[in-house]
Structure formats: C-alpha cells, structure tokens
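The listed protein sequences correspond, in order, to chains R and D. Using our numbering, you'd call the opening residue of the first sequence number 9 and step up by one each time. Using our numbering, you'd call the opening residue of the second sequence number 33 and step up by one each time.
If you are wondering where the hints come from, they were derived from the structure by calculation, not from laboratory data. A hint or two may mislead.
Pairs of lysine-lysine, PhoX-like flavour, derived with a Cα cap of 20 Å [claimed, not checked]:
#1 LYS63/R x LYS344/D
#2 LYS222/D x LYS70/R
#3 LYS344/D x LYS74/R
#4 LYS80/R x LYS213/D
#5 LYS344/D x LYS70/R
#6 LYS63/R x LYS325/D
#7 LYS74/R x LYS222/D
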Amino acid sequence: MRHILSVLLENEPGALSRVVGLFSQRNFNIETLTVAATDDPTLSRITITTTGVDKVVEQITKQLNKLVDVVKVVDLTEGDHIERELMMVKYKATGAARDEIKRTADIFRGQIIDITPTTYVVQLVGSSKKLDAFMEALDTSQLIEVVRTGVSGIARGEKTLSV
Amino acid sequence: MELLSGAEMLIRALHDQGITKIYGYPGGSVLHIYDALFQQQDIQHILVRHEQAATHMADAYARATGKAGVALVTSGPGATNAITGIATAYCDSIPMVVITGQVPSHLIGEDAFQETDMIGISRPIVKHSFSVKHPSEIPGIVKKAFHIAESGRPGPVVIDVPKDMTNPTDKFEYVFPKTVKMRSYNPVTKGHSGQIKKAFDLLINAKRPIIYAGGGVIIGRACDELVELAKTLNYPVTNTLMGLGGYPGTDRQSVGMLGMHGSYEANMTMHHSDMIFAVGVRFDDRVTNGLEKFCPTAKIVHIDIDPTSISKNIRADVPIVGPAKAVLQEFLKLLKASKVKPDTEAHKAWWHQIDDWRTRHGGRFLTDDSELMKPQQVIQMLSKVTNGDAYVCSDVGQHQMFAAQYYKFNKPNRWINSGGLGTMGFGFPAAMGIKVNFPDADVACVTGEGSIQMNIQELSTCSQYDIPVKIICLNNGSLGMVRQWQDMNYESRHSHSYMESLPDFVKLVEAYGHVGMRVEKYADLEGAMREAFAMKDRLVFMDIIVDPKEHVYPMQIPRGAMRDMLLSKTERT
Ligand SMILES: Cc1ncc(C[n+]2csc(CCOP(=O)(O)OP(=O)(O)O)c2C)c(N)n1
Ligand SMILES: [Mg+2]
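Isolated chain D (complex conformation) (with noise of 0.2 Å):
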C-alpha cells in the first residue's frame, strides 16, 4: 500500500494517465501541487505567462493527438484567465482537462482571498466538471476526467481542487483505477443499421450528390474511410473550417472549404445537390447561410456522434447517431456488397458541373498594380515553402480564412485554429503546445498584427523553453475582419478597427531573444521565408507587410442561400 498526499496523487495519476507535459501556472491555492511537481521527474511543466495561453497549449495537442491536453491554474484570476481557452475547446469539441485550485473547504463561499466558483463560472462551458471532496477521490477524478474528455464527443473537463484536498501532511493509500464505469455516461459506439441502410440507399442513388465533412472526421479518426468512401464513389467532397485536411486538400475530389468564406465551388455544388452526405458536421449557421433557403433539391443523410447536432438547425432525412469511424465502416461494406451501382453517366454530367464552377471562380483574388503584397500571395507561399506539410496554427480574422482557402492541407490534425469561439490570441500558444510535443515538425502561427498582441508576452515562455515556432504576421495595419465588415456594412466608417502605434515588431522580438525579419516586398518574401525555416533552432517573427485594403472573398450574401455570394469588391454571383 502506498501512501501520498492528494498533490502527489494528482501528478500520480496524471503520469499513470500517460501524460508528460502539462502548462501552468502557480499561484497560493495550487502551492501544494507544484512542490509535489519539483519533487519528480515524470512530468514536465512549461511555465507560461498568463493562464489562457496554458490552456490554449494544452488544447492545440489535443487538436493533433486527439489526446486530452492538461492545464494546472490556481483559483480566482488564474482560474478566470483560463475560462476564454476552456471555452475555445469547448466550441471545437477539444478534449481538455483543466485542474484549477480552490481556496480551503472550510472557507468555499465565504468570499475568500482569490475565491470564485469555478465549477459555477465554467459550468456552460466544460463537458462536466468535479470537485475534489476527499483527497482519496483524487485517482478516479482524474480518471473519470480524462475518459469523459475523449470519449463521445469531446471536451473540456474542469477539476476543482481546494487546497487542503492536496496537504501534504495529509496520506492516503492511492489506488489508479484500471477502468471506468459510469451508469449516467455511455456514448454510443455503433450506428443504427436499419438507418445506415437507409442512407445507403440515398449515397449510392444520388445524381448530384456532396460530402460535406467537419471536424469529427478528424476527431473521430475516420479520415481513411472517408477518403476510401468517397474515392470508391468518385464522389465530391467539401471540408469544414474544423475539417481541413480531413479529405486531401490537393486532391481532385476536393472542392475545398464551404460556407461563408468557402469557396465558389463548394457553395455551388451544395446548393444545386440532390444529396448531401454529412458526417461530423453541425450545420453551423457560418455554413448554412439562410436556412429556409438552404440546400433546396437536396437529401440529407446527417451522421453525428452527438444527437443534440443532427435536426438542430436542418431536419435531416436519415439522421445516424454514432462515432464516424464505426459508421464509416459499415457503409463501405455495403458498397462492397452493394448490387446497385453508383450512376456514373449522372455523375459524369455533375463532375462537368463542377469543373465548371471551378474554372469560373477556382480560388482566385485579385492582384492589382499596386506594390503591395497580397495576403494569399504569403499564403501560398507558406504552402510551397513548407509543401503543405507543416502545422498551421492560427489566430482569427482574415489571415484565418486566407490560410484556410490557401494553403492546402493533405493531412489531417495539421490545421489548428478556433473555429466555434473564433479566439484572437488563440494562434501563439497554440503553436507553441504543438512545437513542444513535435519538435522536429515545421510550426506555422499563422497571424495578425491585432491577434499576435493578444498573447505576445508568450515570446518569453518560448525564450525560457526554447520553442523555435515561426510567426507568419501578416500585417495589414488594422483588424482587418472588423474593417471588412466595416466597408460592406458601415460605409467604411472604420471604427476602432485601426491598431494605430503598432510596435516595432523586429525590435520587441529581439528583445526576447529572437529573430525577426520584416518583409515588405514579394520578391522578397520566398528568400526570407525559406530563410526563416531553416533556423531550425530559433523563434523567427516574419513581419510581413500586406494589402490593408483586401477583403476576404467569396463571401456569402447574409441569409441568402448557399450559393448567394460577392465575388470580389464588384461581382457577385
């Protein structure tokens, strides 16, 4: 029997959970549990420098392990500065565990020193949340979170600790439990085969048909047999924001991203279907558009491991609980016995469609005269100079959706950035969570100049722990997404959405110890990036001066159909 006091039980079960890293930050209530830290070996901490950027770190390598990320933040201030990451995980479906500390039992609800009600605070915004009562919990707390956070569909799982649940003079015998059982809690594991069936009939019928795959793909591991699926088919496929690169991004079939910034092919090829195959979706308003006007020939065949997903916002025709892999599964079976045969001659003509639809718009912008690069031109470039390989991490405004449509990812898990939550500041430390966990990857923060300063005191986490990320700013000088909506909706009226006296970013990157290039020309732009790259070793923050006045296009017409978008400043379809 082995005795150890509730910190040692929780790096304990951590280890034995298998995980080697966590992100934190210490602070009165979580005293005990970083001495029980300096006191092993087992697990490295990585000291951030404000508590949303431990979140953030612990989520991106969820994001490429499908494995859940641990963050450690004392009570009150440093359980707050957590909440904007536990709820970019939580919109993602990101599996998440995030141990906060909690003043004393005896003084919970007495307005103590650094007190908030965590669980309360966090509440709509975790899978499920526990709070520690005895020390001896503390084993299969921990277990139960890990299991409830990957498990289903994903999610953050918060664990308030009171500080005297970890005393040190305080042992108990510590027993890891091998397995979990919860009456309350039973994702489902298999589809209905009656439904499956169905839908196989609609899949295998369809004239026009589209897969529309999200980020449960990825999350659910199925992007083998979804590839399998829709190259036996020869069917096209569109991509989520959440589910780029779960279909190749360079492959024929791949029709790109859809939705409001999705491309003109993607939107057209939903709109005219007859059959919509969608699997690890939610029908996001960022992809319906109007809904009475969404989709209007088409059959929808919904597969989700979420029931609350499927008829939320589209009624589906034949909606399929359960986790895509399995289901994926036995649709390929039954296209291995299938009799009937896909209508190649209808296909034949939606494929002609298609290209069509391609060749008119396929993924172009606008290069004016002017000096000026474009901010897909540093896109692009990052794709060739990384060949399309490296993990992208992004922030969020327009450099999100120009990396988004441009570079194109033929892996999945490559692609991180908040999608649900929509979090500036998000790209930084998340490229930073990955590069500790893949140090010998290429790591891309794909950024803004007004994102970046929403995390930029992380550059000393990445001078103390050596994290060589490359920051790809491109700095068009405003909030760019804001002036967007800015010139469409206000007439240009550019409120607040200037970032006048922006920092000499060169300088400020320097002063941590790093390099920085500043890159204002394109025929510069491939000699410093691939430059930029090959400093293996250092953080490199590549300034890059942009076109302040480009839009992102297409873009759909608000609550017009799918197809309804502007093309460029004057087009419109």
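The following block holds chain R by itself, in its conformation from the complex (with noise of 0.2 Å):
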C-alpha cells in the first residue's frame, strides 16, 4: 500500500540526511521525498511517499520518530488528505504535435509555461496519479525531458501537523 508521511523536523543542518540515510539504512523504500522550511523557520516540513505492507510502515513512522531531530510524524493516508505535485514537461513542439501538446495540456488544465520554435514547456499539478495520466495520454515520441517536484500532502479540515 502506498502511504504518505508527513514529518516535522528540527530545521538543522544534517537532520535531512538523517531522514533519507534512516531509508537506506533499513532498506525502506522512498518513491517521493519533498522539503522545505515551514512559517516557523526552526522547523522542516518533509513529505515522503513510500509503499509496503502495514508491517514495514509502522517501523518506518516508529523508526522516524525516534530521530532526535523529528518532532512529529503523521501518516496522512490514514485520513482525509489532499495531495498535490508539480510536474514540467518538455516536448519537441513541430508541425501537428504542436496543436496536440497544447490541447491535451489545456484538458488536464495544464499550462504551456515556455515556448520556443521547436519545443514547449507545459506545468501541471495535480495528484500523482493525474500526472501520470498526462503522460500517457501524449505520444512519448515528442518527449525530451521530465521533472517532477514528488508529492506535497495537507490533511482535509480542522486536523493539522504542528508543535
């Protein structure tokens, strides 16, 4: 099963390695991992996607919060949630893959963010998932190149991850 943990951690230099070298270490699996500072400049705000039966994830958020510089882990799949990811595309742009580009990216509300003779840039967030569908439903024969931010996650309503 694929979960999304959201940890809370000390902003100081090396926490972030303790995190993803914890993966590693124990032979986790990460598909997505995302960081930045929150309004709080002490504190980080990780989101990491993973997958594996309730077995590993549970040693996954035990083994998570016992790093001293974790402060808190909550499992947001376990809730109402909202997931989002940003994702830029860069397509070979010519003759009639110019026209298709541009209207799959408005159908899946996408945005054309850079264009040249030759190619495009086209910016989609969505949920994982959504991106996906984008990227099978253009021809990859056009595709130069994929980049993708990995998952942002919220929990749904009053619930939130704080101190």
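Once you've looked at the hints, go ahead and assemble the two chains, each given alone in its own frame, into the complex.
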C-alpha cells in the first residue's frame, strides 16, 4: 500500500540526511520526497511517499519518530487528505504535435510556460495519478525531459501537523 | 562572567557533567583540547595505544555504571579508528560520548589533511551527533549529548569539533545549562496503564509462564523489580546474553541463557510456554531462531522503552512502551492488589517439567579421556576462584559463549561483552575501562588467542597506568567459533581459521613488564588462577591451553524452532 508520511523536523544541518539515511540503511523504499522550511523557520516539513505492507510502514513511522531531530510524524493516508505534485515536461513541438500538446495540456488544465519555435514546456499540478495520466495521454516520441517535484500533502479540515 | 576558550569549555563542561576520566589519543585537530587538558587536574586522561581501545574503555565504564563514558580522538584516522567502538556501543544501547576533532571550519569539504566526514560516517551507528558551529555552543551541546546518550534507550553520541572552535585565544562566556529541554526528544517515562492491566491478566493467569529478561532490565536498573516479581510469582526466568546477571544465575528459578547457545532448559521452557513475559529484550535473531516456528503456544507481553523494538520480529499480543523499572513497579502494585492468584497447581506441573529438562541436559559438557583441558572447566574454575563476583569482560568467540554459559552471574553490570556487534578485540580494553574505575574489584578478561591479538597493544597502556587486569586466554590455537561452523557446515575445511605462528604470550607480556603464565594441565589450573588473582597489583596473562576440537553446545538448528538444538557432536533434540 502507498503511504504519504508528513514529518516535522528541526531545521538543523544534517537533519535531512538522517531521514534519508534511515530509509537506505533499513531497506525502506522512498518513492518521492519533498522538503522545505515551514512558516516557523526553525522547522522543516518533509513529505515522503513510500509503499510497503503495514508492518513495514509501522516500522518506518516508529524509526522516524525515534530520530532525535524529528518532532512529529503523521501518516496522511490514514485520514482525509489532499496531495499535489508539480510537473514540468519539455516536448519537441513542431508540426502537428504543437496543437496536440496544447490541446492535451488544456484538457488536463496544464499551462504552457515556455515556448520556442521547436519546444514547449508544459506545467501541470495535481495528484501523482493525474500527472501519470497526462504522460500516458501523449505520444512519447515527442518527449524530451520530465521533472516532478514529488508529492506534498496536507490533511483536510481541522486536523493539523504542528508542534 | 567567566571567559573560556572552546577547548577549556569542553573540559569544564565534562567536569560539570561529573566526568573524572576520559580515554583518548591526540592528533592535530585536538591539540588545543590536549593543551587545555594539560593545564587542569579535574579530569584524568588515559592515553590508549589505539583509538578503538579508548571507545571500548568508555563503553565498559558505561556498562558497569549506567553513566556515559567519554572518548576523545583526533580527526580523520583517529575518528575512523573509533568507529568500531561506536558501533559496538550502539548495538548494545550503551551510553557514550565520543568527541572527535575536525579540521578547521574553513577547510571542511576541501579534502583537507586528515579530514573525514565523521558526522556522515557515524550517522547510522549513533543515537545522535552534533557538529560545533560556534565555541559558545559547547557547554549546551555537551549537556544535550549526555542527556541523549543516557536517557530513553541509551546510545553513543558523537560531538565533532572543528579545530577553530577550540582556539585558545577566542574566549567566550561559559554557562553550563542546568537542564535540557528538547521539543523533538522526550523519552517515555511510564507505561500505558490500560496495556499494563491487560498484560497483568495474561501474566497472572498463565499456566506455563516464562519471564524473558534482557539487557534493558540492567540498563533500566530494574533488576530488583524483576526479582521481586519473579519470586512472588514463582515463575522461571531466562536471560539473554545481554541480560545475564539481571536475575541471579544461581537462583533455582533461573533457567539460564536462551537462544542460539542457550541452555537446553531455557529453550525448551520458552518453546512450550503459554505466556512469555518479555522485558527489555528485542527478540533478536540469535534468540528466536526460525520466526515462523517461534513458541507456537505462547501469548506475548513485550515491555521495552523503544517502540521500534516491539513487534519488529515477533508480534506482541500486549505491547507496552516504557522504562522497565517504572513498568515493573506497576506490575508489582497490581500483583499486591490482585484477587486472582497464580495457579500454583499448574505451576507445580510446569516446574516438574522444567526440572526434568534440567536433569536431562543441565549444562553438561563432555569430558573425554584426553589430557586436554576443556574450556568450560576453565570458566567454572574462574567462577569458583572469584566467587562468581568478578567483572568478566569477554571477547568474541567460543570462549564468550562458554563464559556466558558457565560463569554464574548473580549481580547485574558484571558481565561486560559485545553482544550485538560481536566485536573481537572488545574484551581487553573493556577490562581496562572497568579496572581503572573499580580498582578494588577482580576484573577478568576472558579471551581467545585470536581476539586478544586485536587489541594486544594495550598491554603498553596497562604498564603506563598500572592496570592490573587478569587476562584469561582460552588458547585453542584456532579461531574456534569459525572452526566450529566450518566443522558443521563445510565438512571441516578449516579455511583460515588457524592461528599459525602464535606468539609466545608469556614472553610477550613480560616484554611489557607484566606477568605471564602458561597452564596446560587441569591439575595446575586452580593453583595458577588463585596465584594470578592474588597478585593484586600485577597484570597477569594466563595462557591456558584448551581442547581445540571442543564445540559450543547446545546450538540451535538454523531456521528451526527454539527447541530444535544440537546437544553434542552426536545428539540432537
Ligand atoms: C572484529 C571481528 N572480526 C571477525 C569476527 C568473526 N569471528 C567471530 S568469532 C571468531 C573467532 C574468534 O577466535 P578466538 O578469539 O580465538 O576465540 P575462540 O572462538 O577460539 O574461543 C571470529 C573470527 C568478529 N566477531 N569480529
Ligand atoms: Mg581461539
């Protein structure tokens, strides 16, 4: 099962490497990882997506909590939540492909944010599934480059992750 | 207001933390610190001959006292030499503070002379680490380092100190914080009362109970509570390798150590139990044997301070996260107030069964007609000569297992061994670390001719500081534990398990100014050993020639259940 873990940790040098190191050291898998400071500059927030059976995810959560720099951990997938990922895709955009890419981007509510006579860069925001669907919708022969930020997530409603 | 340099702050903070001895080795990055050490009397520094030994000395002090030991090493090779010692402490949850020099801040990342990324290298084997960014942070970092090392599930903490942080001319105000508060680190102080009640029901209603107690009971200073609980209930107790001494080894209710080389009765009792009361243990693979076949009829209560240890290998029916002492005290309260009484009829039958197992094997070893001494006999003699009261610091190998099986520890904190990492070379420096802190105690290093050579250079440190430990070397002329596995699994192809060209240990230790003895016959053993221990102020190396063909039994059969054991070269369960 796929899980989205939100981690609040001290914004200290080396703190991120402890989190990342934990995953490789214990053979846990990381699918995506995003990190940035929060409104409180002494805290960073990491969102990690990982897949594993419940027992493994339970261990991951416990091991994260055990790190001295980690203030809090929640598994967003345990409750209602919103997840978003941003993607930028560069396409060869000449001839008929130019229209095709534009049309598909519109359907997915993406934007073309860079144009040259031969290329487009499409920006798309959504769930990871939606981004995957966009990638599948277009002919890969035109594809030059993809960059995805990884997932950020937040709980719906009153629930918060804070100190 | 008092102005101190970073180096002076470091020493002062250690002193304010209550430290009187540190173990270390100088080098370029820590020269300011060594100069500050030279100019004070509060802290004694013991100069080892290899940084690994410094870490093991600090570690052994912690194992005996529960307080963090301190090692000081230079950057680069000094720091990397300390790695094995840090990992050893980490694997056994031992509090330790390791101060490593680092190249000056402006050179970090430049591949400077003797630069290694110590924070990076040590990351997976420390509880936490700090890098000093400003000299004035030093007292606060020291305070936090000890707090983290000693509280919760203890472990080693590294403080990496760039040389410019200790510059003698840069002085700042020294303030040693009285308390530590960290929003991200709050170890649990008590167990969940609902869980404890649930567990108590299982405990009191068990028909075939066993208490499985580990190193957490010793580290958590919960031995008295454990003994009271076990005694009141009349339940059998088994100890892990790390837990030996946590329950008195000569007590009738002790069934000895469990696991791979555990006693027949301990492993049988575990396997057939209907309730395992596990405290301060982690269901290590050297204990459980095959996980699928583990104790099929037992309900499991698991108490540990570290939630990651619970249900990691074996799912607990009732998990309790908390310190052993506080949690066991809750159990004692419930026991006193309980209307339900233990089922003494059922327990009578259970004890009958256990005693049967005991007489069937009962820690026996084979003595054949050969003139050769059996290693087990040597340990039994050591137990006799020291009245079971010595600090026994072991190396790693067959001799370690024999020591664990045959030395009957009645007190906690006396059995000092590298259980988790299994570090050959640990025993001798560990014995030194104990002896310098407990000068009146009998301190024995039980070792093999293989292990002792991994830190034998420390004979020199012992001459310098007069550290009169007794080295009991079970010399079987081979890397015995390796040889045993080769006998069992590789048709006795003894690939590189022989120690050819062994030194004459007697002459070797004499060259360092110590006393050497060679013992070849059992008839001479007792006299020689008594003589060795009577020489209170001399280091004595007893080179004891033992049967090279002896194997450690019982030995669990890989991937079997706890009860599946080889009992000798020809018998199995
Ligand atoms: C540093 C290190 N290297 C290798 C090993 C693997 N090993 C475990 S026991 C052993 C043999 C130990 O020989 P010795 O000290 O003579 O003890 P014996 O088993 O003969 O009693 C070896 C090589 C280890 N535990 N530690
Ligand atoms: Mg040997």
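Okay, the hints, checked on the actual structure:
1. Restraint check for LYS63/R and LYS344/D: satisfied, since their Cα atoms lie roughly 8 Å apart, inside the 20 Å limit.
2. About 18 Å separates the Cα atoms of LYS222/D and LYS70/R, which keeps this hinted pair within 20 Å; it holds.
3. Of the supplied pair hints, the one linking LYS344/D and LYS74/R holds, its CA atoms being roughly 14 Å apart against a limit of 20 Å.
4. Restraint check for LYS80/R and LYS213/D: the C-alpha separation of about 16 Å stays at or below 20 Å, so the hint holds.
5. A distance of roughly 10 Å separates the Cα atoms of LYS344/D and LYS70/R; the hinted pair therefore holds under the 20 Å criterion.
6. At most 20 Å may separate the alpha-carbon atoms for a hinted pair to count; LYS63/R and LYS325/D meet this at roughly 19 Å.
7. Between the alpha carbons of LYS74/R and LYS222/D the distance comes to roughly 17 Å, so the proposed pair stays at or under 20 Å and holds.
This entry satisfies every hint, going by the numbered hints stated previously.
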